[in-house]
Amino acid sequence: MIKARVTVTLKNGVLDPQGKAIEGALSSLGFNGIGHVRQGKVFDLEVEGDDKAKAEAELKDMCEKLLANTVIENYTIAID
Amino acid sequence: MIKARVTVTLKNGVLDPQGKAIEGALSSLGFNGIGHVRQGKVFDLEVEGDDKAKAEAELKDMCEKLLANTVIENYTIAID
Amino acid sequence: MKSAVVQLPGLNRDRDMIAALTKISGQAPVTVWQTETELPDVDLIVIPGGFSYGDYLRCGAIAARMPVMQAIKAKADQGVKVLGVCNGFQILLEAGLLPGALMRNASLKFVCKEIKLEVVNAETDFSRAYEKGQILRCPVAHHDGNYFADAETLQLIEDNGQVVFRYADGTNPNGSINDIAGVINEKGNVLGLMPHPENLIEAAHGGNDGRALFASALDVIAAA
Amino acid sequence: MTIPNSIAITPELVASHGLKPDEYQRILDLIGREPSFTELGIFSAMWNEHCSYKSSKRWLRTLPTTGARVIQGPGENAGVVDIDDGDVVVFKMESHNHPSYIEPYQGAATGVGGILRDVFTMGARPIAAMNALRFGAPDHPKTRHLVSGVVAGVGGYGNSFGVPTVGGEVEFDERYNGNILVNAFAAGIAKSDGIFLSEAKGVGLPVVYLGAKTGRDGVGGATMASAEFDEQIEEKRPTVQVGDPFTEKCLLEACLELMATGAVIAIQDMGAAGLTCSAVEMGAKGGLGIELDLDKVPVREEQMTAYEMMLSESQERMLMVLEPSKEEAAKAIFVKWGLDFAIVGKTTDDLRFRVLHQGSEVANLPIKELGDEAPEYDRPWREADKRGALPANLVAEPENYGDALLQLVGSANQSSRRWVYEQYDTLIQGNSLQLPGGDAGVVRVDGHPSKALAFSSDVTPRYVEADPYEGGKQAVAECWRNITATGAEPLASTDNLNFGNPEKPEIMGQLVQAIQGIGEACAALDFPIVSGNVSLYNETNGVAILPTPTIAGVGLLHDWSRMARIGGANEGDVVLLIGI
Ligand SMILES: Nc1ncnc2c1ncn2[C@@H]1O[C@H](COP(=O)(O)OP(=O)(O)O)[C@@H](O)[C@H]1O
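Protein chains in written order, with the working numbering: chain F, -12 to 67; chain P, -12 to 67; chain H, 225 to 448; chain E, 252 to 831.
Some hints here could point you the wrong way.
In silico lysine-lysine, DSSO-like type, Cα no more than 27 Å apart, as pairs [to be verified]: (1) K52(P) to K39(P); (2) K226(H) to K28(P); (3) K393(E) to K(-10)(F); (4) K41(F) to K39(P).
Computed list of chain P residues with no C-beta within reach of chain F, every gap over 10 Å [to be verified]: (5) L16; (6) H23; (7) G27; (8) A40; (9) E43; (10) I64; (11) I66.
Simulated from the structure, these hints should not be mistaken for lab results.
Think of the CB as a built atom: it goes at the ideal place given N, C-alpha and C, for glycine as much as any other residue.
The shape of chain F in the complex, shown without the other chains (with noise of 0.2 Å):
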């Protein structure tokens, strides 16, 4: 069995309306000086195997078709 972790996040110049909403209720409620906030995704999955390199390479490809929405989004692959 194989965990991993999925994170997926808006590429650069997309527009995050959460995330300027956080920065916006951040200040309000006190915290200065945060700048640049961006919300994204994680999925912890469980692979089952333990061939890391496939597990892997699957996992890329359900980033591709479903987890990312690669019009808009990066993800990231990390294996435990």
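Let chain F serve as the given structure and place chains P, H and E with the ligand on it in line with the hints.
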């Protein structure tokens, strides 16, 4: 300038409808042997200054007050 | 003209859409389940609004990968008209049938209210019963209607006349770039829009500004 | 964390289950032995205030609940009222106060989910929802967070499920600072011969589990809903349930499809104390025993104990008694909608509630006594201290009436609620004729040329506090008036009685007298109560909320083209004041 990444994940046992739906979608796309998908959030932030300990304390405070819903979520902070 | 309405788990404005198409064309649309790969012979395929697969992951993302979408792509390639409203629009974007993306509303809140729409291009199969520049009333009801496209794509769709509807008179409810409310593909047979014309087609709705969109797409004379 | 079944039953453990010493004695007398840990959990779930109505039952019985149009009064998942042509409207209101204070988004969302399930369990497709919300003072540090979470949660669930929200209430008062109220209403439409009830019938029939899988969510939640809040509230947090409106929408479609096949003999949704309450109610009502095999229950977490499974409040689940010949067809429908379908037990003729887990019997209890014969109290009460009329000279005349008016309409309690209801889908289904913002929400009846239903939810808690009897009457009258103001004929109502700790005679007095007032008004107006909910122990550190008996009503418009609207006035029209 300090760059930090906050990762927020659901506590164990808390229902994750999103993770469940993704698990189903992956299997219907033909990815087999994928178990226990859990979805979380990441926030990438820039904190002014260069005192990492201070930034970390501040980030912790932000998590407690805004970024995480500590009733159902855990968070981790990683500083670059 | 014959039409079909796509049904996927979590879509919830399918009944509204079926009622609208039936009332306007006098003929009930056929319904198509998400697993179907052979589509009936129709002139218009509609993907209605809702929260397909809960809109978990991203709006429309999971739905866009269901078998029926391959079949819809094939039909679109053959020139069949495809209309996506709200979640249907999000699904068409995720499926790559339309350019751009829909992000969370700038307010971060779900918004349900009436807005104004400007008909930017009245020469499409979906808008020919309107006049260019006409201002319509239309309701919106969504959480992720904030249209975004990179600068290059934006330029392209603006230049090509692919922006069919724009929020007018300062009523942009979601922060969409260039006030874009509806876009069509290059070929002119696939339209996606966030507002709900199907909820403004008869006296009971308090108006019928949405009717002409279906009248255009179904090739029937716009009737009140 | 797993809890073994062999855990010793100590007085502390009994107390932590919300059972009083005399109630525990009653259990010992009933079963003639010490209960197992699982059995203790089952009793605590069935006998707490939330499920058993032990403090209020005696008084609820005094309410008028019948009428020419009433097909089903209180006691089922929702009330059923005839609206002609073989159509019926099915409706109820329910509170989710405590969960919403702890986790406002999920608390409110699951409240909406619960009430929608109550309606479609009976075979009705939901067509309208309302929400009556009460928060603390606008400037209280928690209020903003609670308001935004609750409103987003109500919308998040209802919008995704696909029901129009057509009305509600939002009110602020410092007396709700530590205990907000979230009352959710839902109504659906069915055919009078297509109503499904929870009463099990037939011995040896399969008991089927439907919907989402069981997790540890909300274990002990119903007990929490009946406990006063104190400073230790933080520790009760893990019992939060998360709603999944997508699964619920699938469950709606699957249930309606299933019901049409004739496979459903009895059905009950799993709400508070899920599997326990639903199984006991089905059996007790039908005069049958139920045997459950927990090894068959679909679970999403590992190593769940019998105790946890029996008390889990995981959402979007139902239990039904199946017509055995329809098993395959029934299962196919659930598979199509991506839902669980598992035979988890059977009906028996021995009137016992038996629970098996991993080869052993973890509970064996008399089902009637658990359900119908839960304790019932005649709690001491005293007349509330009424407030006299305020002499007008105590209020200074405003210097400038214009300013005073502006201040009034700009105040937190009098201002427009558009900022709330624009976050709700008010249009979905295409039948909304009057949106929030008027007197009552109006929705036309799909498929009928002229028929429509009007909905309103009302109460003025400070009136109830000043005089519970008159305040109770006033809440009914206001609801009735709001419905008539659209031109509809008021048909029937549902109530959500939110009060403090009934063990205090003055609070019990508020409850009793408010019920008396409600009863009198409903009888006078021929506006029977067909369903409802009681939420007690709404106190924080010993201070009770304002007494808040929310009344929601339904009216019938025979011809909506003649409907009246709040915005119909033209310049030069004559203004008339009607009434006294
Ligand atoms: N939480 C809510 N959800 C939907 N509609 C609401 C809500 N709160 C208030 N409204 C609507 O706003 C309007 C004004 O509310 P209220 O002042 O309580 O009405 P009234 O006093 O006429 O009963 C009503 O139409 C009501 O239905």
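Each hint tested on the structure:
| no. | hint | verdict |
| --- | --- | --- |
| 1 | K52(P) to K39(P) | holds, 20 Å |
| 2 | K226(H) to K28(P) | violated, 44 Å |
| 3 | K393(E) to K(-10)(F) | violated, 39 Å |
| 4 | K41(F) to K39(P) | violated, 38 Å |
| 5 | L16 | violated, 6 Å |
| 6 | H23 | violated, 5 Å |
| 7 | G27 | violated, 4 Å |
| 8 | A40 | holds, 15 Å |
| 9 | E43 | holds, 13 Å |
| 10 | I64 | holds, 14 Å |
| 11 | I66 | holds, 14 Å |
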